[in-house]
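**Student:** Sequence:
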Amino acid sequence: MKEILDQLNPVQRQAVLETEGPVMVIAGAGSGKTRVLTFRVAYLLQKGVDPFNVLALTFTNKAAREMRERIVTLVGGREAANVAMGTFHSIFARVLRVEGHRMGFPNNFTIYDTDDSKRLIKQIVQEKGLDPKLYAPNIVLGRISSAKSNLISAAEYNNNAEFTGNDRQFNRPEIGNLYTAYQMRLLKAQSMDFDDILFYMSILLRDFPEVLIKYQHRYKYIMVDEYQDTNHAQYWIIKKLAANNENICVVGDDAQSIYAFRGANIHNILNFKRDYPDYKLIKLEQNYRSTQIIVNAANSIISKNKEQIHKNVWTSNEDGEKIVVLRAPTDNEEGMMVARSIFELKMSFQLPAKDFAILYRTNAQSRALEEALRKLNIPYRIYGGLSFYRRKEIKDILAYFRLVINNYDEDALRRCINYPARGIGDSSIEKAIVKASELGVPLWEVISSPVAAGLDIRSNIATTMMNFAYMIKSYSVQLGKADAYELARQITNSSGIQRDLQEDQTPEGVSRLENIEELLNAIKDFTEREVPLTGIETEGEKQRTLDVFLQDIVLLTDADEDEDDKEADKVTMMTIHAAKGLEFPMVYIVGLEENLFPNIQALNSRAELEEERRLFYVALTRAEKRAFLTFAETRYRHGTPSFSEQSRFISEIDENYLEIPHQRKRFANPHGFDSPELKSTTRQLSNFVYKEKPAPKRLERKAAPTPPPPKQDAFQGGTEVDYLQLIEGMNVIHERFGFGVILKIEGAGPNMKATVDFENHGHKQLLLKFAKLKIRQ
DNA sequence: ACCGTATTCAGCGCG
DNA sequence: TGAATACGGT
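Take 1 as the starting number for the first sequence in the numbering used here and just add one per residue.
Note that these hints are calculated values from the structure, not bench results. Possibly wrong hints are sitting among the right ones.
Unchecked claim - Quick list of in silico lysine to aspartate or glutamate cross-link-like pairs, EDC-like style, CA-CA up to 16 Å:
1. K392 x D113
2. K774 x E728
3. K395 x E518
4. K774 x D757
5. K280 x E18
6. K524 x D483
7. K122 x E430
8. K392 x D569
9. K435 x D456
10. K392 x D525
11. K220 x D50
12. K354 x D569
13. K431 x D113
14. K395 x E514
15. K435 x E127
16. K542 x D525
17. K240 x E210
18. K354 x E567
Bear in mind that the values here come from a model prediction, so they are computed numbers and not experimental data.
Kindly generate the complete structure, drawing on both the sequences and the hints.
**Tutor:** Structure, rendered in structure tokens:
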């Protein structure tokens, strides 16, 4: 235990040790937040807390998995396996499988992903004869999602002046009714969408006291990561669950809140204070990730925001290089500049490609960058995009699995009956849907007994329908007994999907077939896997049957595969949103232009602009060693060239931290990136790079006048100086930063902290307990 | 049932 | 520009 705690700085240690009562940890970028969370769980377990009593909620599955792995190395697998650890959705979906019957859901309910939901909405809009442009699935689902995230039911929606008023204003008065219809259809299909998982969870805790008490007693210790990105529903659930013990610890950073557009409520952080007046506030302010320059530049950006919790992020890392600003004439040349810069840095320092990341505001920007990297043969990978489980061929097969598990899953039924073609056309399905709605029964009832339902279709089609239903039923019978892999193989073979794709000899067809093989392999892996996903699997779920497999995967996304790719040495390209929580030695933030970043659509309100600024803050704080900011004077947007000005965010950085290579005015030239002064830009960059250091391996350079001590040393409790004697105005010496004057001293005891003006290093904040300052005579 | 052409639209996206 | 969908002809 002691060795665990020794790896933490005093504030981190406090965040780990304060296990009782409400705690809010405001964790600055790179301050070791994950470390604190994992150590906290490990500490609880070592203290003897039953792992069954611990609940840790994360933002992504990946975060949960990584945390569990780290806890396993800290305290061993036995204990860690039973901690409930996962996303809100994966944890509460499991609770709902056990308790959902109280609200009319069977334990095998289906979870609709966003595509499924949109398909259903599209269908309903069509049935109601509404204008599909006005009631675009995206918009309708967005409204419904926003309502659910705020725990507003369909009935309440229609009585909610804010929602209905807004809808009328945009000429969409039917959204409330669509919400009602959508929920009815989901219920009839025994399905929930992603938002329903949180919504129904809240209903469960609100309306069923015995359930509330059960889970309040179970989860005696609750931790929530990325608290700034939780929405109201999540906030409410947490509050309810924690109400009895109030052993709740939330961790977040208001400066990194970038998902308000999706319903995240930054005020949850403020509500915390209101809900738990006697809470403890712990601020992790020391950054271990980035150089002084990057940390200070990031601070100068975020200080432009009005809405923020005051904090003082600082680092004792080296100063580092200035942030390089690069201007390109066009978006393509911006790509070439970035590619060349990466190439040169790679070569001069023998850096692996995976040390580099290119971050952009919008996905559309990736193309020019890709082309440039390809030209220079720099390997790259793009994060995001369509995840494996959302590809058409995969969804087609999964639809069969879904239908076999839950015959009432209407979306799955419509998918399967259409593919592969079996002679049941659109018109027959339309008739069946109408009939089902007339009779008030699930579509499946009409399809499986068309004659009994009185469906007006030709008898051969009715026979085809019944055969289809019979086939599905024959699979359903095997569900609980058969091995998931065997059953999946059987379904792909005998449903005709395999045959259909084998006939397709085009490259796409071949790739689809490969994807299906990959899916089957994943199922095989699953049958052999024992590692828990969330730690709260029931006995039934521990069996590796097909329905258990399916329950998991709808809640998984991209980041959960590509194991081999992860290790590959490639430049990472992704949106800034996707980069949250990651770090790279070298970071390029591209497209820093007004109207692109900050995005034009975010310029209407201060709140939105501030979110853009936080996004920029997140981008910059991903960088460990060096950051590059690039922009293009001309950029093709929607097919037409548009002129841009440099983003305001560049000017918001204190210019002391910026290196802006001189560039002469550019003359038109037909050779694109080979233009003379583009060369000069890159040459300048190289000069800049070469002169600084003699290219050692990696960037572990010790070029500073006095080599910095290894980071961790400061916390091994070395020789303690009598820092209590220090007063403001004193001249001091620091072993790394040299001569300086104490400007200010704050705090008391071990938290005593001084702002020192160093002759060669500017202002620094130092924790006196560790700074080992000497008094200069 | 399927294919080529016309049309439309364009921000970020966890689960 | 280019992806996604709607439409109209075979």
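**Student:** Could you tell me which of the numbered hints above are not met by this structure, giving the numbers in increasing order?
**Tutor:** Result: hints 8, 10, 13 break, sorted rising.
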